[in-house]
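Single-letter residue listing:
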Amino acid sequence: MTGTILFQQLINGISLGSLYGLVAIGYTMVYGILRLINFAHGDLLMFAAYTAIYLIGIFTLPWQISFPLAMVITGLMGIVLDRCAYRPLRDAPRISLLISAIGASFLLENLAIVIIGGIPKGFPRPPMFDHVITILGVRVQVLTLYTPVITIVLLLGLLYIVYRTKVGKAMRAASKDFEATRLMGINLDRVIAITFFLGSFLAAAGGIMWAMKYPQVNPFMGVFPGLKAFIAAVLGGIGNIVGAVIGGFLLGLGEIMIVAFFPEVSQYKDAFAFVILILVLLFRPTGIMGEPMIDKT
Amino acid sequence: MGDFFQLNDLVMQFGGLTAVKDFSIELQAGELVGLIGPNGAGKTTVFNMITGFLTPTSGQVRWQGEEITGFPVHKVTAQGIARTFQNIRLFTDLTVLENVMISFHQRIRTFFWEAMLGFPTYRREEKRIRESAMAFLQELGLAHLAKEKAGGLAYGQQRRLEIARALATRPKLLLLDEPAAGMNPQETNELAVLVRELRDKYALTIFLIEHDMKFVMGLCERIKVLDYGITIAEGTPAEIQSNQAVIKAYLGEPK
Numbered sequence: 001m002t003g004t005i006l007f008q009q010l011i012n013g014i015s016l017g018s019l020y021g022l023v024a025i026g027y028t029m030v031y032g033i034l035r036l037i038n039f040a041h042g043d044l045l046m047f048a049a050y051t052a053i054y055l056i057g058i059f060t061l062p063w064q065i066s067f068p069l070a071m072v073i074t075g076l077m078g079i080v081l082d083r084c085a086y087r088p089l090r091d092a093p094r095i096s097l098l099i100s101a102i103g104a105s106f107l108l109e110n111l112a113i114v115i116i117g118g119i120p121k122g123f124p125r126p127p128m129f130d131h132v133i134t135i136l137g138v139r140v141q142v143l144t145l146y147t148p149v150i151t152i153v154l155l156l157g158l159l160y161i162v163y164r165t166k167v168g169k170a171m172r173a174a175s176k177d178f179e180a181t182r183l184m185g186i187n188l189d190r191v192i193a194i195t196f197f198l199g200s201f202l203a204a205a206g207g208i209m210w211a212m213k214y215p216q217v218n219p220f221m222g223v224f225p226g227l228k229a230f231i232a233a234v235l236g237g238i239g240n241i242v243g244a245v246i247g248g249f250l251l252g253l254g255e256i257m258i259v260a261f262f263p264e265v266s267q268y269k270d271a272f273a274f275v276i277l278i279l280v281l282l283f284r285p286t287g288i289m290g291e292p293m294i295d296k297t
Numbered sequence: 001m002g003d004f005f006q007l008n009d010l011v012m013q014f015g016g017l018t019a020v021k022d023f024s025i026e027l028q029a030g031e032l033v034g035l036i037g038p039n040g041a042g043k044t045t046v047f048n049m050i051t052g053f054l055t056p057t058s059g060q061v062r063w064q065g066e067e068i069t070g071f072p073v074h075k076v077t078a079q080g081i082a083r084t085f086q087n088i089r090l091f092t093d094l095t096v097l098e099n100v101m102i103s104f105h106q107r108i109r110t111f112f113w114e115a116m117l118g119f120p121t122y123r124r125e126e127k128r129i130r131e132s133a134m135a136f137l138q139e140l141g142l143a144h145l146a147k148e149k150a151g152g153l154a155y156g157q158q159r160r161l162e163i164a165r166a167l168a169t170r171p172k173l174l175l176l177d178e179p180a181a182g183m184n185p186q187e188t189n190e191l192a193v194l195v196r197e198l199r200d201k202y203a204l205t206i207f208l209i210e211h212d213m214k215f216v217m218g219l220c221e222r223i224k225v226l227d228y229g230i231t232i233a234e235g236t237p238a239e240i241q242s243n244q245a246v247i248k249a250y251l252g253e254p255k
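One line per chain: the protein sequences are A and B, in this order.
Mapping to this note's numbering: the first sequence position 91 is 91, numbers consecutive.
Mapping to this note's numbering: the second sequence position 254 is 254, numbers consecutive.
Isolated chain A (complex conformation) (with noise of 0.2 Å):
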């Protein structure tokens, strides 16, 4: 193994960990709220990168304006989905929540094969991303660069939000008494909702950037995204949004080293995460970056 290609590694590790990063925030802020693993995150990808393809495709929008369209149209599709799948749970059962949650997910990728069907669609890659760069005498496509740096932007923004404006604190102090929040004259159903959005504009920006990485969309495109990135919340400790992105790092990196280290064992790439999950789940269940949840009513 030379230089060259173990840095080649590194930067392909970040560029992936960066993406399951800015999907697990969205996981890892609607947990700490609401105590719910929100299945259906996975597919809000899959919904962004249709999303951006029809705006391009049919609307005929320069990906400019249609990239960050999709965005905001998958952030409002998160509201939704907390109106129709969660809302109306708030008092029922954690267990039900979280049924409802992978119900919803079925239901948004079997509704995307009724509607657009199961064949893969290309994504259309705006030639800006395509630019290939040398690096320390590494080729470099430069999509794989601006992954990290626009994940990094979203999170210093979201940061920005959560820890300096109003709603920011109403988040934070709903994640830790929703009663005590209502009587401070704040609608809880609001400040879900905006939290539902800010988690799904990210998961929308990962899953753009994921089809421009792997140009193949299809229903099923965000589950094992999804998935990972869950794994990756868990990992940086679940509700802590700087964790959630190291998480996603760190087994992005992992993944990465993984198959360049030990090519004969590639195949197990996708087992390698499970077992992360595992280890976190016996050993450290708080993860990297998390305190002990305390369980809310």
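Keep in mind that the hints were calculated from the coordinates and are not lab data.
Fair warning: this is a prediction, and the values are worked out from it, not measured in the lab.
Incorrect hints may appear among the rest.
16 Å max Cα-Cα, derived EDC-like pairs, lysine to aspartate or glutamate [what the hints assert, rightly or not]: (1) A:K176 - B:D93; (2) A:K176 - B:E98; (3) B:K75 - A:D189; (4) B:K75 - A:E179; (5) B:K214 - B:E190.
Go by the hints and put chain B onto chain A.
Below, chain B alone, put in the same frame as chain A:
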């Protein structure tokens, strides 16, 4: 004048259990009224029905001449009714100052993109809120702890922060659920002085639940007694102290 605040025949049933039965009370603006009763008598249930955490099975909550029964919690708060909890429920991860600032949320008109873009309207409002929140902390002797995490405060300080947080919603009616619980006699005395001061300064009407009889008798002008969800007595502290039904509820039947 009689329409400041009224509860009319409130009933709360959980399945077959009647937690509160036919509870009625009328509060005049500026009054300091106590609600006492043995454990499990339904006192906190009454507060939960007023603040919207529970929708009464029947009966009415009337506020300033209008019915607010079953309003969502945040709307009740917006009407000017605030409460504290029996078991302290601060946002322990937020700072002391943030805990109070969050109460201003309901009156804020700016959106988060304005905050992100650092609009001057946002910055001015943020500054104004910070100053008003500090004023409440000053009032309750917590200003020096503004930057601390609320969870790190001593017990008595947490109780006072909860009151500061409730005051910041600008209530007209303040419901205190066992404010003296866990306090030593000296702290309890200080609290009684504070409650009176706050009522006068902010023109509050106060309705409180408390087990500390000395505190209730010394502070409240009028007291209502609940036992098993039923009102068994009502009157001035002196009347309550000599009421046979109350003595029976607390001490049991004389042998």
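Going down the list of hints, with the structure as the test:
1. Of the supplied pair hints, the one linking K176 (chain A) and D93 (chain B) holds, its CA atoms being roughly 8 Å apart against a limit of 16 Å.
2. The suggested pairing of K176 (chain A) with E98 (chain B) holds, with an alpha-carbon distance near 13 Å, which does not exceed 16 Å.
3. A hinted pair counts as satisfied when its Cα atoms are at most 16 Å apart, and K75 (chain B) with D189 (chain A) qualifies at roughly 13 Å.
4. Between K75 (chain B) and E179 (chain A) the alpha-carbon distance is near 13 Å, which keeps this suggested pair within the 16 Å criterion.
5. Straight-line distance between C-alpha atoms of K214 (chain B) and E190 (chain B) comes to about 13 Å, which keeps the hinted pair within the 16 Å bound.
Comparing the model with each earlier hint shows no violations; every hint is respected.
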